[in-house]
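Undergrad: Read off the chains here:
There are 2 protein chains.
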Amino acid sequence: MTLAQALFSPRAVALVGASGDAAKTTARPQRYLKKHGYGGKVFPVNPTRDEVLGEKAYRRVSEVPEAVDHAYILIENVEEALEDCGRRGVAVASIFSGGFADAGAQGMQRQGRLVERARALGVRLLGPNSMAVINVTERIALSVNAVLEMDALPGGTTSIVSQSGTMLGTLLSRGAARGLGFDKLVSVGNEADIGVGELVELLAEDPRTRVITLFLETVRDAERLAAAARKAHAAGKAIVAYKLGRSALGEAAARSHTGALAGTDAALDAFFRDCGIVRVDMLETLLEIAPLVASRMPLTLKRAGRVSVVTTTGGGAASVVDRLGMRGVELAAPTLDLTMAASGQDYGSALAKAAQSDCDALVACVGSSAQFHPELAVKPIVQFAGTKPLVACFMPQADRSLALAAGAGIAAFRTPEACADALAAFLSWRAPRVAPSVPPADRPGKEPFSVLSGLGIPVAQWAIADAPAFRHAIAYPVAIKRLEAHKTEKGGVILGVADHAEFVKKAESLAAERLLVQKMESGLAEAIVGYRDDPVVGPLILVGVGGVMTEIYRDYVLRLAPVSEEEAGDMIEQVKGFAAIRGYRNLARGDVRALARAVAALSRLALVEGRPVREAEINPLLVKADGVVAVDALVVRKDAA
Amino acid sequence: MTLAQALFSPRAVALVGASGDAAKTTARPQRYLKKHGYGGKVFPVNPTRDEVLGEKAYRRVSEVPEAVDHAYILIENVEEALEDCGRRGVAVASIFSGGFADAGAQGMQRQGRLVERARALGVRLLGPNSMAVINVTERIALSVNAVLEMDALPGGTTSIVSQSGTMLGTLLSRGAARGLGFDKLVSVGNEADIGVGELVELLAEDPRTRVITLFLETVRDAERLAAAARKAHAAGKAIVAYKLGRSALGEAAARSHTGALAGTDAALDAFFRDCGIVRVDMLETLLEIAPLVASRMPLTLKRAGRVSVVTTTGGGAASVVDRLGMRGVELAAPTLDLTMAASGQDYGSALAKAAQSDCDALVACVGSSAQFHPELAVKPIVQFAGTKPLVACFMPQADRSLALAAGAGIAAFRTPEACADALAAFLSWRAPRVAPSVPPADRPGKEPFSVLSGLGIPVAQWAIADAPAFRHAIAYPVAIKRLEAHKTEKGGVILGVADHAEFVKKAESLAAERLLVQKMESGLAEAIVGYRDDPVVGPLILVGVGGVMTEIYRDYVLRLAPVSEEEAGDMIEQVKGFAAIRGYRNLARGDVRALARAVAALSRLALVEGRPVREAEINPLLVKADGVVAVDALVVRKDAA
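Protein chains in written order, with our numbering: chain A, 20 to 660; chain B, 20 to 660.
In isolation and in its complexed conformation, chain A is listed as follows (with noise of 0.2 Å):
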């Protein structure tokens, strides 16, 4: 029995502290295995009763006199429960309970020694605090959810991973109001032993799911969730993931700028990326997104996503655009409108003269037919046969249209909002990034400049000067600085010090006994180049404008380290402040491609064996006509208290 088998495909559970009481959440899981049909054996364990709810109760999991796949375990002590599925050779076992690390400290620690001993036991876990499996296509109900109150389940070929219990219910009775399905809805509560990263890699080989879909607070698995991801897109499926942006995940340790500015959830955005997983933004489009990306593999568009629009109601498809719009989505075309005019045949004609125009996707807008005619108004929709990918947005409330298409496997939306956010994440859509060829680095130095200077990066010429003569070999004017990090704050710096003279006597205002002197260096724009071991997705590198104006707007692009220059060349194109340089407004234009090369030599912290770095930051970085040059660094290493 595969792990798989045991958890998506039981053929027998046990429902350890299942209620006699039906009103009860405890007896759920046994009402909802029977009212969808479950085909396998289901053993009760309560130790006061011999019989739950018409079936037969065993005291103990290790009594239950046939072997048992999975056990969903209701009760508070799920330690004892743990030991009994050890005894019976129970191959997976789900916890709904808590008080483990969604407890606080002593929680963890109690989780900690649960995922020990159920390890020495041979036995998986899902949870603890998990609300279980949902096979729909096997009819297999085993959870607590309340969405299985409902008659009867939609199936489809889209599966869904939750931290969130609760949301695989949300998702679940959505989707089937819509006509959209599902296969496998898995609840991975807290992670403790089987986590998103292995449920995705389980679902890569799950010869029915074609669209993987992800309801995500955090990240605890970024490896094995990377190597799943690039699985899944080997076999041609997609994830989708909406994430919550409030996890603080790591932040706290973060130190510098670069910590400060790439919080989890940016940090996340370039993992995602970096994996070819979708991100939506709104919990809408994680639904009906669906039918758009299963069986199509990322455009992996190096411009602007292109579209086109069809509509019958000129207000709808500018809702439509209007959003694109504000997402960098462009339009191939004047957006054609039929509004009063349509019949099935003008639009499927004007769909195909769409099509034909430079786009990468078709919108389809419809009006009041959605409602009143929704054979009619989707009809031309479903038999247009072309090779780009079409959505389709119904204005009004229009229930049956939106079923038709889902049956017809065309995504449709319900709002401009959510159609915008699909489009705009598809056309985004990257397929998972091969890592870059880039050369290896030797182990850093200690001090910032050399550990700079061992990577490539030019760095303003320097020198140390001691008390009381400060003699040093760099020539006037000069900048002389403490060996600190943020400078602005502390007054630690003095510009353009003209000779010895004014060298010596700014040297004693500042109470210092050593000094770093350096060459005075200008550029024509300061940038910041920043590297983190990040604690949830490893290696990353930044890149935005430098100086104060880093923190306040935000204006930075950050990838998985490490990155080609290319890469980091397309980085820079991003960060908006650098239009400066890029030759904005006849401004003169800085050495783009040695800052790219800067980049790239920083990122290359993280092919160090051992990674001993955990941060490093660069601010500024002064990009020159020619060149550019490093004023200023900061490096943390791991071993730094």
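Stretch-level coverage of chain B by chain A, calculated; a stretch enters the list once three of its residues show a Cβ under 8 Å from a Cβ in chain A:
1) 336-345
2) 382-389
3) 569-576
4) 595-609
In silico lysine to aspartate or glutamate, EDC-like type, Cα no more than 16 Å apart, as pairs:
5) A:K500 to A:E521
6) A:K250 to A:D225
7) B:K657 to B:E628
8) B:K500 to B:D485
9) A:K595 to B:D574
10) B:K595 to A:E570
11) A:K595 to B:E570
12) B:K595 to A:D574
13) B:K500 to B:E540
14) A:K657 to A:D552
15) B:K372 to B:D356
16) A:K54 to A:E168
What the hints contain is simulated information worked out from the structure, not anything from laboratory work. Idealized CB from N, CA, C, for every residue including glycine.
For this one, chain A is given, so just place chain B on it according to the hints.
TA: Just chain B now, kept in the frame of chain A:
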């Protein structure tokens, strides 16, 4: 007969061009009037028939033997029909036909002639290109909109004015499916005569209408709309607008940065704020927000809005809160999460507890119970008799709960995004602004610097120097400039000229006969302060971070001019980039009050008799530790070519 009566409650209507073929669009008004139970008289007008769909028909409107309050013109020869309406004494003619301002320059001229003739005849016009009027409460379905195929229209206290005819149907059909009803719906078409402003005026006086909902593509009568909005506010009625951002009106005329930056959408946003109109971002919010603003006055908060949340689905509440955070709304207290635990009683007391926090509004988020036990789920929310505004968000498919909430006057939302959109819009809703008492300004001179000096804005000391001697009285170092805009592009500025010898040399390099000489000034920050007499909304004032970054980051705040110093201070507070001079990271503080004085001063151009200035821009205005000084300015007068 008042305009409102003829428009909304006609006792007799003529349908000019009513078709005898029930399948035709032009047959619809007659069908719909009958279907929905119109109690007045209907006179079909058709030159080739004596009878249309069972009613006696007339060749011309002028031949109708009785009084006609309202004619709906469905034929191409609108002009002839209008003459007949004039002869018959028709008070209002709604025009469905297009071919006017919707059809290029010739159509625009045709429209001008039509309006002129209508005025002479004493006939008011709705349209052309209008789907006319639906009065739900009085069962008057005078429209071609196919939404009238619905058997029952939901009545309510929300009225809609729409620049898109088809969107009236979209909103009506979606509202009907949700239990959200309407009173009057008007399609304004080209607004040749009766415009949005006048309709809002009528609805402000309308005893049944409590919420006025606008679907806009542009604003054609800002002044009238502003006055109407104030009238509605005084009558305790809310106005909510959804506006498409695609209008390019007035943009082409813009010349300087201010013009380019303050696009019409930004100008209209400032306008809506000024008139106390709630602007929503999503289409569905336009419907769903109505119960929240009905009979409520704006909170006019001077800080970020704060909410408290009660939920039975942690993931659901998180998706609302996440979205609220993106809109700058804050949490007053931690979310009360009753997942798997809530009875109705628990939920009610949790709401009462949440209301005790220092919050401005409450969010009631409901999971599966909204789907399976709608009465139980909605009851505690309806019973919650708090004085604080409350919204409900139902996470699963929960049609019955939505209808129950609508019936009880609770604002309930289908999606976390629309819920957050409505709440954020509500929390930033302000009462219409009372015009500030700002001293009027004298008629300005022609020279930009004299204009500024005349308004009391400090200007860098300057003089004009002529070839060949270039004599002037400004102390060195100085800056020399040509008197042109956008010097960065043209290379006509030389800074830091040290002495007279260098001056003469540089003057020769500029090949200039006359030069502006300015004392070199420096500041802690550069601001842009702009004034524009917008063709759509009238005088606007803008403040933002100056220099080349102004356009790149679009970091500016726009308000209707004039503004008081206090209002200017609020504007400056909202410019992100000014964080640097507000004491961010211990950077030196700039004189923000002097900046506010300069902004208020420039805004006084709005008070000059005849408003001779079209645009004025100071860029940069240097902000020093003590005071501000303008170093470059541009003034465009309306009488300039």
